[in-house]
Each structure stands twice: as structure tokens, then as C-alpha cells.
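Novice: Place chain B on chain A using the hints.
In the order they appear, the protein sequences are chains A and B. Going by numbering that gives the first Met the number 0, the residue at position 185 of the first sequence is 184; the numbering climbs one at a time, nothing skipped. Going by numbering that gives the first Met the number 0, the residue at position 312 of the second sequence is 311; the numbering climbs one at a time, nothing skipped.
Some hints could be false.
To be verified - Within a straight-line C-alpha distance of at most 20 Å, the following computed EDC-like cross-link-like pairs (lysine to aspartate or glutamate) qualify:
#1 A:K181 <-> B:E143
#2 B:K170 <-> B:E217
#3 A:K2 <-> B:D165
#4 A:K19 <-> A:D41
#5 A:K181 <-> B:E141
#6 A:K2 <-> B:E119
#7 A:K177 <-> B:E141
#8 B:K170 <-> A:E38
#9 B:K178 <-> A:E38
#10 A:K2 <-> B:E114
#11 B:K227 <-> B:E182
#12 A:K167 <-> B:E143
#13 A:K116 <-> B:D175
#14 B:K170 <-> A:E8
#15 B:K702 <-> A:E69
#16 B:K426 <-> B:E460
#17 B:K702 <-> A:D74
#18 B:K702 <-> A:D73
#19 B:K561 <-> B:E491
#20 A:K177 <-> B:E182
#21 B:K178 <-> B:E213
#22 A:K122 <-> A:D41
#23 A:K167 <-> A:E134
#24 A:K180 <-> B:E143
#25 A:K167 <-> B:D398
#26 B:K598 <-> B:E630
#27 A:K167 <-> B:E351
#28 A:K2 <-> B:E116
#29 A:K177 <-> B:D146
#30 A:K167 <-> B:D392
#31 A:K177 <-> B:E143
#32 B:K170 <-> A:E12
#33 A:K2 <-> B:E77
#34 A:K180 <-> B:E434
#35 A:K177 <-> B:E434
#36 A:K116 <-> B:E141
#37 A:K180 <-> B:E141
#38 A:K2 <-> B:E74
Because the hints were derived from the structure by calculation, they are not lab data.
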Amino acid sequence: MLKTFLAQESCFESAENIQKCAKHPDWRVRYAAAVAIGERADASLLPVLEEIVRREKGRPLYSQPSCRFENAPDDTGMAEMVGPIRACFDREYDEEPLQAWQCRGRVLQAAYFAYAKIGRESKFLNEEMYRILQEDVDDAAMAAGYVAFAACGGKEVYARLCEIGESKHYCANFERGKTLKKLEKTCTRL
Amino acid sequence: MFDDRFFLLKEIGALREAMRQGKFSPRQQMLWNMMRSCVRSGALNYPWYAPLVAVMTQEKQDIENAKRVIATYAEKLEHQNYCVGLQFHFWCFAFPHAKWAMYYQWLVALGAYTESERAELDAVFLNYQFTNFYYGMRTKPEPECVDNQTLSLTLSNVLVGYLFSDTHIGKLMLRDGLKRLPEIIGGFPSGGYTGEGSDYMDCVNGPAMWICCEALEEITGEKEIALKRFSPNGVRPIDVLDVCAREWMPGGLLLPWDNYGYNNGVKAPVAYAAKVTGKARYYELLEKDANWAYDIGTGWAYDDMVWTLIFWPRRLPQEEEKTRNWYKAGIGGALESGDGNCYLMQMWDESEPVCPTRAHVNPNAVLFNGYRLPVSADGSKMDYPCSRFEFADTWRVVDFLSMDSQSRYNYGDGCLGAHSCVIVDGKEGMRAMSEYPQIKSENCSVEQGVLSADVTPLYAEHFPDAVRVSRRSSLLCDRFFVIEDDLEFGEEHTLTSRFLLRPDGYAGEGCVRVVTREGVVLSLHEIVGGSEISLERVKNFPHKPDLECVIADFSKRAKSMKRLIVAFLSKRFTDYEAVRGFCTVADPEGKLDRQGAEKLLQDSKELFDLNLPPFMEREAPICPVWWFRKEIKKQKRRAVLVLPSGLIEPELYVNGRQIDLSPFARSSQLIRPHLYLPEEFMREESLMVLLRTKVPTDHFYGKGWGTYGMSGGVSLAYEVPEERVEKIEYDGKRILVRTDRKEYAAAYECSEEKGC
Chain A
0 MLKTFLAQES CFESAENIQK CAKHPDWRVR YAAAVAIGER ADASLLPVLE EIVRREKGRP
60 LYSQPSCRFE NAPDDTGMAE MVGPIRACFD REYDEEPLQA WQCRGRVLQA AYFAYAKIGR
120 ESKFLNEEMY RILQEDVDDA AMAAGYVAFA ACGGKEVYAR LCEIGESKHY CANFERGKTL
180 KKLEKTCTRL
Chain B
0 MFDDRFFLLK EIGALREAMR QGKFSPRQQM LWNMMRSCVR SGALNYPWYA PLVAVMTQEK
60 QDIENAKRVI ATYAEKLEHQ NYCVGLQFHF WCFAFPHAKW AMYYQWLVAL GAYTESERAE
120 LDAVFLNYQF TNFYYGMRTK PEPECVDNQT LSLTLSNVLV GYLFSDTHIG KLMLRDGLKR
180 LPEIIGGFPS GGYTGEGSDY MDCVNGPAMW ICCEALEEIT GEKEIALKRF SPNGVRPIDV
240 LDVCAREWMP GGLLLPWDNY GYNNGVKAPV AYAAKVTGKA RYYELLEKDA NWAYDIGTGW
300 AYDDMVWTLI FWPRRLPQEE EKTRNWYKAG IGGALESGDG NCYLMQMWDE SEPVCPTRAH
360 VNPNAVLFNG YRLPVSADGS KMDYPCSRFE FADTWRVVDF LSMDSQSRYN YGDGCLGAHS
420 CVIVDGKEGM RAMSEYPQIK SENCSVEQGV LSADVTPLYA EHFPDAVRVS RRSSLLCDRF
480 FVIEDDLEFG EEHTLTSRFL LRPDGYAGEG CVRVVTREGV VLSLHEIVGG SEISLERVKN
540 FPHKPDLECV IADFSKRAKS MKRLIVAFLS KRFTDYEAVR GFCTVADPEG KLDRQGAEKL
600 LQDSKELFDL NLPPFMEREA PICPVWWFRK EIKKQKRRAV LVLPSGLIEP ELYVNGRQID
660 LSPFARSSQL IRPHLYLPEE FMREESLMVL LRTKVPTDHF YGKGWGTYGM SGGVSLAYEV
720 PEERVEKIEY DGKRILVRTD RKEYAAAYEC SEEKGC
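Isolated chain A (complex conformation):
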């Protein structure tokens, strides 16, 4: 974990490091790169951000089957336990899906928050965000998507979001309400 952490830390030191870490094989480092882009709020890094999101698109983020645990329940009861605990899946899986299941929408969330900070429109990112909002699976990524739309969106975004409708997830739905309210005001002024 030390190497991963040192790479994560390096993202906050220079834009060059961000560009390098955006392509890192470990999603944790790409997550740090996305957070660091948000810290810089530098529009020149928008293509890097797009690259980070593009990579997530092909990953099996949400296909995780139920897992059995030795010495612990598969719920919040595990939080207070110390261990030893072992996760057991129904069969052996390759490292890539295992990593994707650990990651879920973390990288996407960081990327969309960074997009919100940059505040300049990216058609690719907008389309990706529409897609995840329609899928209505990942509360964290969707909530960040709405924050980004509030920062970068206009009349067209407002219309598309109205079409997509409410989310079944609390945070996403809450941010949706805030975003629509903000965009409605912006559109009225336009």
C-alpha cells in the first residue's frame, strides 16, 4: 500500500504527476488524480479527466455477487469488528473484477466533482453523466454528476435532466432537486 499511497500523494504535487497517475493501473491512484484535478480546477486538465472517466466506462463496477464472510456478518455489524475476517466469493475471480467491485463509483465521483470545479462544459462528460443518471445505480457518482451539471449546465441540460426524472437514491435525488432549482433560475435569466 505504501507505493500506492506515494503515487496518490504525488498527484497533489504537479500537473505532470496528475497526467501520469491518471493512467495508473491502480484505481486508487486514478481516484487521487481525479481529486487532484479538482483541487487545481485547471481546464487544461479536462482531457485528462475525460480519459479517467473513459477508462471507468469499461470496468465491471457493479456486477459484484453477494459475498460470504468468515467470522463476520455481511453488513454494518462488521464495522466494529476487528478480525480476523475473510471474504469468500462463490468462486475464484480475476483481480480486475475484484478491484472494480472495491472501486464502484469512487473514481467517477471524484471526476465529476473535479468537472464541477473546472466549470467548463465537456460534451463527453455530459453524455457519460446522463448515462449513469439513467442507469440509476450509483448514488455517489450520480450525486456528484448533478453537482457537476449545476456548475456546467444550461438550458439543454435542464431539459435532459427533467426527462430523466427522479432517482430512487437519496443523495442523488437531493442533489437533483438543487441542480434543477439552480438551472431553472439560470434558464429563466437566459
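Specialist: Chain B only, in chain A's frame:
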């Protein structure tokens, strides 16, 4: 990470010195003995105690124990990534992660690690925080989200960020956490109650609040953060802690006003409140009502005892408050007789609209407690089958409880009908369907023993002709309560005053009597109203303490009416005489039979009081089964043998005869069984008591729902007739309650026709 001091352990020097010089108070000594002996007997059974024990003793073996615990936790994290809980309820994992980071820092300050060990563990703690809980904090809408979840996430970022503020990522987490934390504290409702019930107040908000205070003092250099008002609502951390303390009913059980029902009180928030205010009532809760064998994850960490020891007030308060009654605007209040034997709580905290799984719909609900034992029923059915409050429109389907399937549950037991409230036209599933102020007015005087609130708006949403729905509760003669319901509608309705009570209940003329298994009697007498009374027994609700209840309804068709009910509490047993010094034998394999145990007990020189499992009382092997025996002298009367609470699969023999404990199988988790011994023992002058019980052997025995160990010791009492109400007279100005022992008379006038 700094290593020149122990984070948040400002007074560790004094604490160590007190330990070394034997200057702990008796309670501190008991806590210290318990934690040290638990860790030394099994560090991975009691891992949450290990870091403090290491810091206190600085002994090699204790430090090694604590290092082993930290290493095991670090290894767990990789596997935990696949847990539904971590992915969908990340706040539960954030708080304990921050605690372990803090305890890791203590070991770093002890010099327990090499540079390379530190570098690797630093990376593990930081990375996990950053990718799970920094992410988690940012998921929660800012600044609107103010609840136990956001508080846990934000606080964890402040703590871990501060500990690692020599890194970029640590600085980032600290900056964003510190930005949100004051807003969250200040965003609590001004009374300090979030509406999430005792469980979340005691297990998350209270335990988070003292860390907020201590951490903010260390980070910002400000003093007395507990007493500081935070914007926007002007709430002070002490207000939150005070709600936690007010939730303790006489006897130590918390108010059952949420899904989780009755439970034991959590100690560290009360100890912290005692420390920072010096108020006697906090200290007394700990001394008189705390259950020291009970532990539960506070902020999902079993370190309540650790911080209770650390915060134990050194300055013992002298002054008692004049009254134990309390009232908090927008929340409710309690009336308590001077001797603590008669207690009523009335609540009018706002309920959660649409899906009231947290803040239940309980406008003006009343709860009774008599002789330090609960009499009312409230809570939920949890996973037990009970369709009584499953309404057609209160089903919900969610997909965040399992990774690949949906769960369907019914939240009807959070609605009006499952509470001791006024029900109109039998609309039990009533709940707010949108956000609006649910309380019209309140009028309370703790000095005069009066609590009153008008909750018409909630009823008006469903009954537009509702003019007034208010309730006033009064404590009279320091002995009985009067509950006055003042109801007015434009049209005629069936108006029911409902009480949910512990079994068993009996209806008489104009009266309902409930006699709990322990022998506490509540009689409810309607003196104004002319209602019909009905009783209904409900199985499998609520899940605590009895897994059943009695619903007593006082109903009448009317457009408007006043209903006055006198509530009188009495008991059927004498005061308790403590029985101490039981011969004790451990049964490591759980294979001893009665004869084998008795043989060993004859030679036993180990005497225990059954206030705690033996290995918690003093250093002894961690063993799951224990046998105890003692001959108890008694009078030639019907004896009531009072056993410890928290017994697990107990067997009891008195004078060689096995006594059936099954009636207490459920309630004994929280309440000491009161055994009215069979009449054949009446003439006996002594009782040879032999008790076998299992005890929890680690923090986690309760699987997250609280671990209950043997507590409270053994007592002897005798059966006596209860004080019985014979007649009640009310002439509009004065109430006279005549019992078989005494007359109680008090001035009482109904409230005016304008609500409370």
C-alpha cells in the same frame, strides 16, 4: 504523524499516576480492572480496550497485545472492501476507522513501531480513509445533510486528516472536514435532538460530540467547545450530550422512542458531560443507573468504557438539582417523583414524513416507568413476524441491504397507531406526508410538574376539521399522574386515547390495570370522558423487552371532548436486599452437570457478587459458562428472588428444585428477573441457590445489537400487596385519590378551551 504526545489523552499523566498510586475512585478502579483483565485474558476478544491498557501500563506484553490488534484490523480492511455495509453504509465504517487511526497514533507515541512499519501502516490508514470515507463525506449533500451519518463521516476526516496532516491527502481531508464539522454541529436542532431516537443519539451523536469537542480544542486551540454555540441553530455540543443523559429513565434504560426500543445507556457521553459541567445529575446516572456489563458499538466502536474511565469526573459534584423533571422545547419532557418511583415521559418531537423509520409518529405519546422498571411498550417488531401494524401503504422495497437482491419491509410500526397517542377514527397508519411544523404550541413547567403540547397540525393534515388535539400531563402529590386529552373537531369522530403497555393487562370498570412480570402495577382510571375500554394483546411487538404488549384503548364518538385519566403506579415487592459472595466455578467446556458443579463449588474459595461476568470483575480466565452457589437466609414469607439481568441460557435450582426461568427469557436481557418463588418455599428459612449461566466472551457477542453480560447482582425481596386505588373523586377543581393506604388530594383544573 506526530509522536510527541497521545492524541486526545491530555491527562494521561494524571490517569497513570492515579492508577499507580491506587487513587482511582471505586468505579474507576472497577473499570480499569475490567479492561485490563479482559485484554490480558484475550486481546482479540476485547480489542477495543487494548490500546488504552498499553498506554496506561506501558508494559511490553500490553503493547504487543495492542500491536497485534492494530495489525489484525489492518489485515481486515482488504476483505472489508466487499462488504455490503462498507459500500452502502460507509459512515458506519468511517467512525471506527478514525478511532483505530487514533489508537494507532497512541502506539506510535509509545514508540511501538519501526520507521518502516510506520510507513506501511500510515499508508494503509490514510489510503482507506481517502478512498472510502473522504469519498463518503463528499457523497452527502452539503450543507443540507445533518445527521449521524454525515457527522460520522465528517468527523472521521477531521480526525484522520489531523493525525496525518503532514501529508497532502491528510491536509485535504482535514480542510474539508473542518469546513463541514461546525456546520453539522450547528445544524442540529436547537434542543440537541436529531429525532433519530435513543439509539442514534446514544450510539453515534453523543459519542461523536465529545470527540468533536476534544478534537476541535486540540486542533483550533479554542477552549470549552462543549459550551460554545454553533451556527446556524445556536446549538451547543453540551445540548446534544444533555439529550443523551435525559434519555436515561430511572433504572438506566433509555427511552424507547425509535425502531430499536429499550436499551441500556451509553456512558462516555454522560461522563464527558459530568466532566465539563460538574453537574451532579450526570454523575449520579453513572453511579446509580449504569450497566457496566453492557457494551455496544458507540460510533461503531466498543470503546465506551475506555472513554468513561478517561473522562471520569475527578471533581465530585455536591449540589443536587431541585427537581428531576425536565422539558426541552420541540422534543418533550419527563415528570419524576422525588423518590424516582413514578416517572412519565411525554414526547412531541417531530416525526419523519412519509417513511417514519427513524423519528416515529408519536405526537404527545406518554411512557411510564415505575420503581425503576419500564411499564410502557414502544419500539418496533424488528425481524419478528407481526402483521399488527403492517398497513397496505407502508411497504417499502430497497436494494441497499444486499449486493444483488431487493428487500421488502413494512414501516407501519413507526406510524401513529403503534404509540401511546390519540388515534382518530382508527387511522393507525397516520403519518405526515410532507414537511410542515407538526407542533402548534407547548406549555410546560418543570417546577409545577406540568407538560403540555398541542399537536393539531399533524392531525389536521388527515382530518381537515381538526380544531384541537392537545395533551397535558401533570404529576400530582409527587405520587400519581393525570393525563388530560383535549380534543375538538368540526365533525363527530371516534376519539381514542391509546396506551401501549407491557404485559399483562386487565380491564375493569373505567379502568385498566397492568401488572408487569416484575410486579410493578400501573392502573389507568378514566375520571372524565365516559369512554369504552378495550384491551388487545399483541404478540411479537415490540421486540423488547417482552416481545409482546397490551394495547389499552379508551374510545368515544364525539365532536369534542376532554378525557382525564389518572395513572397510579405501585409494586408488589419490598425493597431489595443485596445478596453477595457466591461461590463460583468456571465451566470452560460447558460440560459440567449440576452434580459435578456442586462438587466443585464445595471446594470453591472464589467469591463473586454477580455484578459482572467473573473475568470482568477481576483477572480470571475468559470462560463462557459459570456456576454460582450461595445459601441465602430468609424470612418465613413469600420471597422474591431477583437475579442479574443479561443471563444467557440460565439454569436455576433453589433448594434442589429447578425453577422455570422461561417467562423471563426475553425480558431478562434488559430487566432483572423477579422470581416469586413457589409457595412451598414460604416456610423455609434459607434458600440454597445454584445458578448456571453463559456469559459473553468478547465485545461482539451481541452481533452489533449490544452485548449484554450478567449485571446487577442478586437481591432478595418479599411479596407484599400493592397499594391499590379504591376510589377517585374529581369535582372540577380537586382530585382525590383514595387507596387502601392513603388519601392523596390535589387541586386540578382542566386546561382552558384553547389548547395548551
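Novice: If you check each hint against the structure, which ones fail?
Specialist: Violated hints: none at all, because every hint is consistent with the structure.
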